[in-house]
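So the sequences go chain by chain: X and D. Residue numbers for the first sequence, in our numbering: 1 to 436. Residue numbers for the second sequence, in our numbering: 1 to 436.
Among the clues, some could well be false.
To be verified - Straight line, CA to CA, 30 Å or less: simulated DSBU-like cross-link-like pairs of lysine-lysine:
| # | chain 1 | residue 1 | chain 2 | residue 2 |
| --- | --- | --- | --- | --- |
| 1 | X | K409 | D | K58 |
| 2 | D | K154 | D | K270 |
| 3 | D | K71 | X | K65 |
| 4 | D | K192 | D | K207 |
| 5 | X | K394 | D | K315 |
| 6 | D | K27 | X | K7 |
| 7 | X | K384 | D | K315 |
| 8 | D | K27 | D | K315 |
| 9 | D | K266 | X | K361 |
| 10 | X | K65 | D | K65 |
| 11 | X | K361 | D | K419 |
| 12 | X | K65 | X | K315 |
| 13 | D | K72 | X | K65 |
| 14 | X | K436 | X | K384 |
Said to hold, decoys possible - Some residues of chain X that are not near chain D, with every Cβ distance over 12 Å (derived):
| # | residue |
| --- | --- |
| 15 | P43 |
| 16 | H106 |
| 17 | F221 |
| 18 | A310 |
| 19 | R335 |
Claimed, not checked - Interface residues of chain X toward chain D, partial, derived using beta-carbon atoms under 10 Å:
| # | residue |
| --- | --- |
| 20 | S9 |
| 21 | M15 |
| 22 | V350 |
No lab work stands behind these hints: they were computed from the structure. Even for Gly, the Cβ is constructed at its ideal location relative to N, Cα and C.
Number of protein chains: 2
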Amino acid sequence: MNKRLVKPSILPGFMELTPADQILFNKMMDTIRKNYEKFGFLPIDTPVIEKSEVLLAKGGGETEKQVYRFKKGNTDMSLRFDLTVPLARYVSQYYSQLEFPFRRYHIGKVYRGERSQRGRFREFYQCDIDIVGNEKLSIINDAEIPSLIYSTFKELGFDDFTIYLNNRKILTGYLEFLNLEDSAPILRTIDKLEKIGPEGVEEELMKLGLEKETIDKINSFIRIEGSNDEIIQQLKDLDVDNELFNTGIEELATVIKYIGLFGVPKKNYKISLSIVRGLDYYTGTVYETFLDDYPSLGSVCSGGRYDDLATYYTKQKLPGVGMSIGLTRLFYQLREANIIKADESSLTTVLIIPMDGFEEKAVEIANRLRAEDIYTQIYLETGKIKKKFGYADKLNIPYVIVIGEDEVKNDQYTLRNMKTGEQRSLAVEELIKCLK
Amino acid sequence: MNKRLVKPSILPGFMELTPADQILFNKMMDTIRKNYEKFGFLPIDTPVIEKSEVLLAKGGGETEKQVYRFKKGNTDMSLRFDLTVPLARYVSQYYSQLEFPFRRYHIGKVYRGERSQRGRFREFYQCDIDIVGNEKLSIINDAEIPSLIYSTFKELGFDDFTIYLNNRKILTGYLEFLNLEDSAPILRTIDKLEKIGPEGVEEELMKLGLEKETIDKINSFIRIEGSNDEIIQQLKDLDVDNELFNTGIEELATVIKYIGLFGVPKKNYKISLSIVRGLDYYTGTVYETFLDDYPSLGSVCSGGRYDDLATYYTKQKLPGVGMSIGLTRLFYQLREANIIKADESSLTTVLIIPMDGFEEKAVEIANRLRAEDIYTQIYLETGKIKKKFGYADKLNIPYVIVIGEDEVKNDQYTLRNMKTGEQRSLAVEELIKCLK
Numbered sequence: 001m002n003k004r005l006v007k008p009s010i011l012p013g014f015m016e017l018t019p020a021d022q023i024l025f026n027k028m029m030d031t032i033r034k035n036y037e038k039f040g041f042l043p044i045d046t047p048v049i050e051k052s053e054v055l056l057a058k059g060g061g062e063t064e065k066q067v068y069r070f071k072k073g074n075t076d077m078s079l080r081f082d083l084t085v086p087l088a089r090y091v092s093q094y095y096s097q098l099e100f101p102f103r104r105y106h107i108g109k110v111y112r113g114e115r116s117q118r119g120r121f122r123e124f125y126q127c128d129i130d131i132v133g134n135e136k137l138s139i140i141n142d143a144e145i146p147s148l149i150y151s152t153f154k155e156l157g158f159d160d161f162t163i164y165l166n167n168r169k170i171l172t173g174y175l176e177f178l179n180l181e182d183s184a185p186i187l188r189t190i191d192k193l194e195k196i197g198p199e200g201v202e203e204e205l206m207k208l209g210l211e212k213e214t215i216d217k218i219n220s221f222i223r224i225e226g227s228n229d230e231i232i233q234q235l236k237d238l239d240v241d242n243e244l245f246n247t248g249i250e251e252l253a254t255v256i257k258y259i260g261l262f263g264v265p266k267k268n269y270k271i272s273l274s275i276v277r278g279l280d281y282y283t284g285t286v287y288e289t290f291l292d293d294y295p296s297l298g299s300v301c302s303g304g305r306y307d308d309l310a311t312y313y314t315k316q317k318l319p320g321v322g323m324s325i326g327l328t329r330l331f332y333q334l335r336e337a338n339i340i341k342a343d344e345s346s347l348t349t350v351l352i353i354p355m356d357g358f359e360e361k362a363v364e365i366a367n368r369l370r371a372e373d374i375y376t377q378i379y380l381e382t383g384k385i386k387k388k389f390g391y392a393d394k395l396n397i398p399y400v401i402v403i404g405e406d407e408v409k410n411d412q413y414t415l416r417n418m419k420t421g422e423q424r425s426l427a428v429e430e431l432i433k434c435l436k
Numbered sequence: 001m002n003k004r005l006v007k008p009s010i011l012p013g014f015m016e017l018t019p020a021d022q023i024l025f026n027k028m029m030d031t032i033r034k035n036y037e038k039f040g041f042l043p044i045d046t047p048v049i050e051k052s053e054v055l056l057a058k059g060g061g062e063t064e065k066q067v068y069r070f071k072k073g074n075t076d077m078s079l080r081f082d083l084t085v086p087l088a089r090y091v092s093q094y095y096s097q098l099e100f101p102f103r104r105y106h107i108g109k110v111y112r113g114e115r116s117q118r119g120r121f122r123e124f125y126q127c128d129i130d131i132v133g134n135e136k137l138s139i140i141n142d143a144e145i146p147s148l149i150y151s152t153f154k155e156l157g158f159d160d161f162t163i164y165l166n167n168r169k170i171l172t173g174y175l176e177f178l179n180l181e182d183s184a185p186i187l188r189t190i191d192k193l194e195k196i197g198p199e200g201v202e203e204e205l206m207k208l209g210l211e212k213e214t215i216d217k218i219n220s221f222i223r224i225e226g227s228n229d230e231i232i233q234q235l236k237d238l239d240v241d242n243e244l245f246n247t248g249i250e251e252l253a254t255v256i257k258y259i260g261l262f263g264v265p266k267k268n269y270k271i272s273l274s275i276v277r278g279l280d281y282y283t284g285t286v287y288e289t290f291l292d293d294y295p296s297l298g299s300v301c302s303g304g305r306y307d308d309l310a311t312y313y314t315k316q317k318l319p320g321v322g323m324s325i326g327l328t329r330l331f332y333q334l335r336e337a338n339i340i341k342a343d344e345s346s347l348t349t350v351l352i353i354p355m356d357g358f359e360e361k362a363v364e365i366a367n368r369l370r371a372e373d374i375y376t377q378i379y380l381e382t383g384k385i386k387k388k389f390g391y392a393d394k395l396n397i398p399y400v401i402v403i404g405e406d407e408v409k410n411d412q413y414t415l416r417n418m419k420t421g422e423q424r425s426l427a428v429e430e431l432i433k434c435l436k
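Model the full structure from these sequences, guided by the hints.
So, in structure tokens, the structure goes:
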């Protein structure tokens with residue numbers, strides 16, 4: 001062959017897995033999907049490519065710089081950078097065909113041309129749920145989201161995680177009460193608390209022109225501690241004369257009460273007044289979720305309540321509440337921290353190994369097993385038996401059936417447990433019973 | 001609100017579904033995936049964006065014009081236009097980490113900027129399987145693929161479909177025997193038989209410079225009819241002195257024999273000597289699958305054997321066999337032809353409807369049902385009971401539980417079958433039993 005070979009490689013910042021890791025990844029995705037469906041969320045799937053005019057209707061900000069935007073012919077198009085903008089567009093576009101509250105889940109890839117760095121991806125899966133109301137939406141929905149987060153992470157195999165909650169109305173109202181009308185930059189600063197520490201927050205607030213006394217008040221406010229009930233009581237005791245503040249407390253108290261009714265154990269949810277979320281569009285309840293033993297992973301699932309989903313596309317007022325799991329990043333981090341391992345991942349239950357020349361019997365038995373929904377592969381290549389066993393071993397296939405002259409003569413087949421090495425001689429009916 | 005609204009819309013040539021249709025679509029995709037896994041195929045997932053240099057290594061042809069290709073910074077990148085090129089790249093890149101035969105499935109979106117027309121999509125799902133050998137691959141694999149096609153379409157709800165098979169060696173060998181060395185353009189012409197009819201084929205072959213007598217020979221050759229065994233016998237009887245031709249017959253006979261052993265009913269597979277597939281890279285067995293009652297849908301599942309998968313990336317010889325289902329197009333066609341309908345599609349089993357004020361009990365019962373894996377939604381908004389029932393009705397949710405004062409007092413809840421209208425009063429334990 002004389003032609004020049006191209007080096008097979010992918011772009012930096014894209015995750016690609018070996019099949020064993022992919023099986024693990026898919027299992028996590030299936031678990032998430034199953035929980036979303038169990039709570040009555042409907043699937044949608046939107047195009048990865050959309051009109052730039054639509055996708056970037058909001059415009060500005062860091063996000064727009066990261067967008068993959070290009071022209072084909074005269075059409076200006078972009079790859080979606082999240083699943084929220086497509087949801088807003090979808091709900092506006094099909095408004096008359098949807099039933100409200102509209103509960104949708106969406107699991108799909110999104111694209112951001114971020115600067116390449118370890119653990120950050122340019123293509124990643126988001127797993128989103130949102131409940132969108134028409135004009136109004138009960139506050140109880142804000143409590144159902146954490147109960148779904150709990151159900152999902154529990155089934156993903158975690159016990160020790162905490163859903164931190166807050167309500168943005170409380171802090172915004174408190175800032176109003178302190179006569180700080182432009183709350184957005186202050187909230188964004190407080191959102192950095194985990195990253196830059198209390199001193200960093202203090203410094204940045206000073207740069208925003210806040211007085212020392214005010215900063216101290218904010219600092220001690222966001223550090224109010226105690227049980228959920230105690231925090232709510234302390235907030236009430238502040239006796240702040242601000243409507244937004246008091247509405248926030250009332251909402252938070254209701255959400256806390258209902259999270260309990262939804263059966264989430266006390267240890268798995270907690271009010272934290274410093275949780276504010278960076279995004280401007282949240283207006284009420286906000287969530288972040290941390291794995292207790294791995295706080296350095298950051299929030300693995302975040303979300304919140306917003307007043308109006310689709311202001312760029314429709315005059316309908318569409319309040320909602322939702323959350324998102326960034327699965328690609330989560331998977332990467334769990335694997336890096338050795339919390340999940342692909343060592344034993346296999347979808348296939350059994351590999352049938354015929355001795356050379358006994359392929360027909362192997363096919364016949366595979367038919368029987370597959371008819372019983374037993375995930376079965378046949379090793380169809382000729383070669384040494386040792387190599388065939390090695391194949392099962394490397395693919396982590398837990399069982400092997402060997403078929404040779406004796407087996408066919410006696411109509412009894414050797415079933416080997418690849419983990420224990422145990423072998424038994426069984427008729428086909430018994431094989432099926434064992435493998436089911 | 002004074003700001004200008006952007007009209008919510010998507011680009012032409014992209015499919016987007018209502019949730020009810022999406023549920024149907026996902027069910028089809030799940031069925032396909034389940035069958036792929038049952039036969040021992042491993043999942044992979046590759047980036048949608050790849051380096052243009054890698055993705056377009058082959059270059060030229062219609063495909064390249066259709067590719068979404070763009071630059072971000074200095075990087076020249078493209079969206080994948082099929083799943084075969086990414087497979088070739090993947091196998092070459094991870095060669096030393098994979099076990100051969102490497103059986104992979106890949107379900108994902110691909111992109112082609114085709115001219116927009118009804119039923120053609122610029123973004124569509126392909127569902128591919130391939131078995132890739134290292135240096136060699138048993139011919140029995142060529143028979144396992146049709147048995148998987150059979151299993152999949154059967155579970156998708158079809159009975160009357162036919163997998164048409166051929167082996168390109170036979171026709172290529174026959175053309176060699178007729179002293180026609182440049183077989184590729186002739187095969188591409190014969191591939192158009194369905195589209196342009198026998199006269200069209202004849203005309204094009206004349207344009208290629210073939211003599212009338214030769215064309216007649218080809219014409220009667222590709223029309224050889226009969227049972228599978230009869231066709232093979234007739235081919236043998238031609239007594240063609242060409243090695244390729246005879247190897248092809250031998251392979252085809254083996255494949256036909258093994259398809260039977262794999263349990264595919266006789267009515268579902270058939271040799272057709274006019275099936276050649278347009279793509280150059282097939283070198284042996286080729287498949288196309290037609291729904292017997294809807295031939296106008298064209299082939300719904302095609303594939304075949306190739307000698308070497310990854311000539312552009314590696315010197316390793318990687319023969320393989322595979323097939324692909326174009327799910328987006330298939331779904332669109334089935335829906336257009338009214339073969340599938342979304343009327344009754346729901347993932348949710350039951351909607352709990354509390355009378356205003358009885359939300360707490362609704363939450364409590366939802367917990368119980370979800371703990372038993374019953375897919376449950378609670379209607380949490382206040383409003384008239386009729387509206388709440390209408391919601392269940394429009395979402396095709398089959399059962400409703402009503403909770404009001406009497407129900408809570410007696411600890412007995414009304415379960416309504418939304419299809420029959422039948423209502424029963426039941427304790428929670430009985431509700432669970434009924435809904436499971």
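Verification of the supplied hints:
no., hint, in the structure
1, K409(X) <-> K58(D), "51 Å, violated"
2, K154(D) <-> K270(D), "17 Å, holds"
3, K71(D) <-> K65(X), "14 Å, holds"
4, K192(D) <-> K207(D), "15 Å, holds"
5, K394(X) <-> K315(D), "24 Å, holds"
6, K27(D) <-> K7(X), "38 Å, violated"
7, K384(X) <-> K315(D), "25 Å, holds"
8, K27(D) <-> K315(D), "40 Å, violated"
9, K266(D) <-> K361(X), "20 Å, holds"
10, K65(X) <-> K65(D), "28 Å, holds"
11, K361(X) <-> K419(D), "48 Å, violated"
12, K65(X) <-> K315(X), "28 Å, holds"
13, K72(D) <-> K65(X), "11 Å, holds"
14, K436(X) <-> K384(X), "29 Å, holds"
15, P43, "5 Å, violated"
16, H106, "10 Å, violated"
17, F221, "31 Å, holds"
18, A310, "8 Å, violated"
19, R335, "15 Å, holds"
20, S9, "6 Å, holds"
21, M15, "8 Å, holds"
22, V350, "9 Å, holds"
Checked against the numbered hints above, the structure breaks hints 1, 6, 8, 11, 15, 16 and 18 and satisfies the rest.
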